[in-house]
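*Asks:* Below are the chains, spelled out letter by letter.
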Amino acid sequence: MAYRFDFAPVFEHTDLLLAGAGFTLALTAVGAVLGIGLGVTGAVCRAWKLRPFDRMFGLYVEVIRNTPFLVQLFFIFFGLPALGVRMSEWQAAVLAMVVNLGAYSTEIIRAGIQATPRGQIEAAESLAMTRPQIFRHVVLRPALAKVWPALTSQVIIVMLGSAVCSQIATEELTFAANFIQSRNFRAFETYFVTTGMYFVMALAIRQLLVQLGQHYVVGRAR
Amino acid sequence: MFVQFSTWDIVRNLLDAGKWTLALSLIAFVLGGIVGLAILFARIASNRVLQAATKAYIEVFQGTPLLMQLFIVFFGLSLAGIDVSPWLAAAAGLTLFTSAYLAEIWRGCVEAVPKGQWEASATLALTYPQQMRHVILPQALRIAIAPTVGFSVQVVKGTAVTSIIGFAELTKTGSMLANATFEPFLVFGLVAAGYFALCYPLSLYAKSLERKFHVAR
Numbered sequence: 001m002a003y004r005f006d007f008a009p010v011f012e013h014t015d016l017l018l019a020g021a022g023f024t025l026a027l028t029a030v031g032a033v034l035g036i037g038l039g040v041t042g043a044v045c046r047a048w049k050l051r052p053f054d055r056m057f058g059l060y061v062e063v064i065r066n067t068p069f070l071v072q073l074f075f076i077f078f079g080l081p082a083l084g085v086r087m088s089e090w091q092a093a094v095l096a097m098v099v100n101l102g103a104y105s106t107e108i109i110r111a112g113i114q115a116t117p118r119g120q121i122e123a124a125e126s127l128a129m130t131r132p133q134i135f136r137h138v139v140l141r142p143a144l145a146k147v148w149p150a151l152t153s154q155v156i157i158v159m160l161g162s163a164v165c166s167q168i169a170t171e172e173l174t175f176a177a178n179f180i181q182s183r184n185f186r187a188f189e190t191y192f193v194t195t196g197m198y199f200v201m202a203l204a205i206r207q208l209l210v211q212l213g214q215h216y217v218v219g220r221a222r
Numbered sequence: 001m002f003v004q005f006s007t008w009d010i011v012r013n014l015l016d017a018g019k020w021t022l023a024l025s026l027i028a029f030v031l032g033g034i035v036g037l038a039i040l041f042a043r044i045a046s047n048r049v050l051q052a053a054t055k056a057y058i059e060v061f062q063g064t065p066l067l068m069q070l071f072i073v074f075f076g077l078s079l080a081g082i083d084v085s086p087w088l089a090a091a092a093g094l095t096l097f098t099s100a101y102l103a104e105i106w107r108g109c110v111e112a113v114p115k116g117q118w119e120a121s122a123t124l125a126l127t128y129p130q131q132m133r134h135v136i137l138p139q140a141l142r143i144a145i146a147p148t149v150g151f152s153v154q155v156v157k158g159t160a161v162t163s164i165i166g167f168a169e170l171t172k173t174g175s176m177l178a179n180a181t182f183e184p185f186l187v188f189g190l191v192a193a194g195y196f197a198l199c200y201p202l203s204l205y206a207k208s209l210e211r212k213f214h215v216a217r
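Chains as they are written, first to last, in full-length UniProt numbering: chain W, 1 to 222; chain X, 1 to 217.
The reader is advised that the hints may include incorrect statements.
In silico DSSO-like links for lysine-lysine, alpha-carbon gap of 27 Å or less [to be verified]:
{"no.": "1", "chain 1": "W", "residue 1": "LYS49", "chain 2": "X", "residue 2": "LYS207"}
{"no.": "2", "chain 1": "X", "residue 1": "LYS19", "chain 2": "X", "residue 2": "LYS207"}
{"no.": "3", "chain 1": "W", "residue 1": "LYS146", "chain 2": "X", "residue 2": "LYS19"}
{"no.": "4", "chain 1": "W", "residue 1": "LYS146", "chain 2": "X", "residue 2": "LYS55"}
{"no.": "5", "chain 1": "X", "residue 1": "LYS55", "chain 2": "X", "residue 2": "LYS212"}
{"no.": "6", "chain 1": "W", "residue 1": "LYS49", "chain 2": "W", "residue 2": "LYS146"}
{"no.": "7", "chain 1": "X", "residue 1": "LYS115", "chain 2": "W", "residue 2": "LYS49"}
{"no.": "8", "chain 1": "X", "residue 1": "LYS115", "chain 2": "X", "residue 2": "LYS19"}
{"no.": "9", "chain 1": "X", "residue 1": "LYS212", "chain 2": "W", "residue 2": "LYS146"}
{"no.": "10", "chain 1": "X", "residue 1": "LYS19", "chain 2": "W", "residue 2": "LYS49"}
What follows is a list of derived Cβ distance ranges for each label pair [as the list claims (entries may be wrong)]:
{"no.": "11", "chain 1": "W", "residue 1": "ASN184", "chain 2": "X", "residue 2": "GLY116", "range": "53 to 61 Å"}
{"no.": "12", "chain 1": "W", "residue 1": "ILE121", "chain 2": "X", "residue 2": "GLU210", "range": "50 to 58 Å"}
{"no.": "13", "chain 1": "W", "residue 1": "ARG86", "chain 2": "X", "residue 2": "ILE145", "range": "44 to 52 Å"}
Examples of chain X residues toward chain W, derived with CB under 10 Å [claimed, not checked]:
{"no.": "14", "residue": "LEU31"}
{"no.": "15", "residue": "GLY33"}
{"no.": "16", "residue": "ALA45"}
{"no.": "17", "residue": "ASN47"}
{"no.": "18", "residue": "LEU50"}
{"no.": "19", "residue": "ALA53"}
{"no.": "20", "residue": "ILE72"}
{"no.": "21", "residue": "ALA180"}
{"no.": "22", "residue": "GLU183"}
{"no.": "23", "residue": "PHE185"}
{"no.": "24", "residue": "GLY189"}
{"no.": "25", "residue": "TYR195"}
Since the hints were derived computationally from the structure, they do not count as laboratory data.
Idealized CB from N, CA, C, for every residue including glycine.
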């Protein structure tokens, strides 16, 4: 007997799916802003060899890049309470995403900062620009403009990776899908639709970041 | 029945589970490489349909969560009437995931071979397979080694996600041990150390290869 696909039981729960997708996007937005902020800090420490922070960020980057996101999440959510650090599911999810993206963006942005020739900073100094001005206009913005495509990809990887946050009961899109398939017993259809939603979200985030980059980063760096 | 776990018991169980992580990584990487090579050839073929189909394949795998891919393989195979174990679903899912990424990495390497090499070999009346075999692929291979080794780290880390479909590798075993021993800090710390021990040498190797080939060019 051939299996008959039936997607109607999935679309009965459209409200849950949309709420889950919204939560995934919210987690990603907070994670991206804080994670890139952390990445800028780490990149400056690494690129300018600010002791002892450059070593600390170096260790942090290697540890995070060589362990799975799921294990980082479990360590934060299940392991840290042993040290008295307790947090809710969504807080653990955001923290894990920030810590993870922070490590990757440290390396990405560092490459951008190091690609700016030293002479440009000297030129800015000779124009009597203040240090904050130099940092903002000569160091940071051109660096971000150079690595913007790589940062965009990394944000999308973090968004897709957040699917595993369902494992600590963060109520994001995959959590909603797990709940729905446990009700309607249509696992394949439910996950198929959910996968499609993730794909659309990935495309949308890429478009959004490309536009934002054109407007605020790349366009003004020239 | 209560069982007491010493730290050594925890380590021993994790080492045992680590073998499955290693086995799954190797299988996914080797099979993914073979499938990825086929995808690569279709991706760079002159046939428009093949090009578009493999482009879509790569975009779908790169644009959706690995967890969803595993769920779909797991439930899809069972709909097709195949009795799926978590082991089979994990290996199949990770193989497809790996093939898409490797095909895209390798496509970049083939395109990095200067256009003049194609033109020169065409001038010598080499056929397409001859051009590929003697001129393009040997050069692309040199460029491809470092990023391929680098990507193997992603494969090892990707195996952690298969714990969610019930495959008893390092992360799954870690979860069970954390529940049994009430020592999640220690257990997940050790699990992380296990992945680090597998991945860090690969990362270092990739970095040294990168440096070597940059100097050589």
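*Asks:* Decide, hint by hint, whether the structure agrees.
*Replies:* For each hint, the structure was consulted:
1. A C-alpha spacing of about 20 Å is found between LYS49/W and LYS207/X, which places the hinted pair at or below 27 Å, so the restraint holds.
2. About 25 Å separates the Cα atoms of LYS19/X and LYS207/X, which keeps this hinted pair within 27 Å; it holds.
3. With a C-alpha separation of about 41 Å, the suggested pairing of LYS146/W with LYS19/X is violated against the 27 Å cut-off.
4. At most 27 Å may separate the alpha-carbon atoms for a hinted pair to count; LYS146/W and LYS55/X meet this at roughly 26 Å.
5. A distance of roughly 31 Å separates the Cα atoms of LYS55/X and LYS212/X; the hinted pair therefore is violated under the 27 Å criterion.
6. About 21 Å separates the Cα atoms of LYS49/W and LYS146/W, which keeps this hinted pair within 27 Å; it holds.
7. For the given pair, LYS115/X sits about 40 Å from LYS49/W by alpha-carbon distance, which is inconsistent with the 27 Å threshold.
8. For the hint pairing LYS115/X with LYS19/X, the CA-to-CA distance comes to about 44 Å; that exceeds 27 Å, so the pair is violated.
9. In summary, the hint linking LYS212/X to LYS146/W is supported, as the alpha carbons are separated by about 24 Å, within the 27 Å threshold.
10. For the hint pairing LYS19/X with LYS49/W, the CA-to-CA distance comes to about 39 Å; that exceeds 27 Å, so the pair is violated.
11. Between ASN184/W and GLY116/X the C-beta distance comes to about 59 Å, which sits within the given range of 53 to 61 Å.
12. At about 27 Å, the CB distance of ILE121/W to GLU210/X disagrees with the hint of 50 to 58 Å.
13. Distance hint check for ARG86/W and ILE145/X: the Cβ-Cβ separation is about 46 Å, which falls inside the suggested range of 44 to 52 Å.
14. Given the 10 Å rule on beta carbons, the hint for LEU31/X is violated: about 20 Å separates it from the nearest Cβ of chain W.
15. The closest approach between the C-beta of GLY33/X and any C-beta of chain W is roughly 21 Å, which is over the 10 Å cut-off, so the hint fails.
16. This hint is violated: ALA45/X has a C-beta 25 Å from the nearest C-beta of chain W, more than the 10 Å allowed.
17. Annotation: ASN47/X was flagged as interfacial toward chain W, and the flag is violated, the nearest CB pair being 25 Å apart, outside 10 Å.
18. At about 22 Å, the closest approach between the beta carbon of LEU50/X and any beta carbon in chain W exceeds 10 Å, and the interface hint on this residue is violated.
19. The criterion of a C-beta within 10 Å of any C-beta in chain W is not met by ALA53/X, whose closest approach is roughly 16 Å, and the hint is violated.
20. The closest approach between the C-beta of ILE72/X and any C-beta of chain W is roughly 5 Å, which is under the 10 Å cut-off, so the hint is satisfied.
21. Given the 10 Å rule on beta carbons, the hint for ALA180/X is violated: about 13 Å separates it from the nearest Cβ of chain W.
22. Hint status for GLU183/X: holds, given a least beta-carbon distance of 8 Å to chain W, under 10 Å.
23. For PHE185/X, the suggested interface contact is upheld, since its CB lies about 4 Å from the closest CB of chain W, less than 10 Å.
24. Contact between GLY189/X and chain W, as hinted, is supported at the beta carbon level, the nearest pair being about 7 Å apart and thus within 10 Å.
25. Restraint check, TYR195/X versus chain W: the minimum CB separation of about 5 Å is within 10 Å; hint holds.
When the structure is compared with the earlier hints, violations turn up for hints 3, 5, 7, 8, 10, 12, 14, 15, 16, 17, 18, 19, 21 and for no others.
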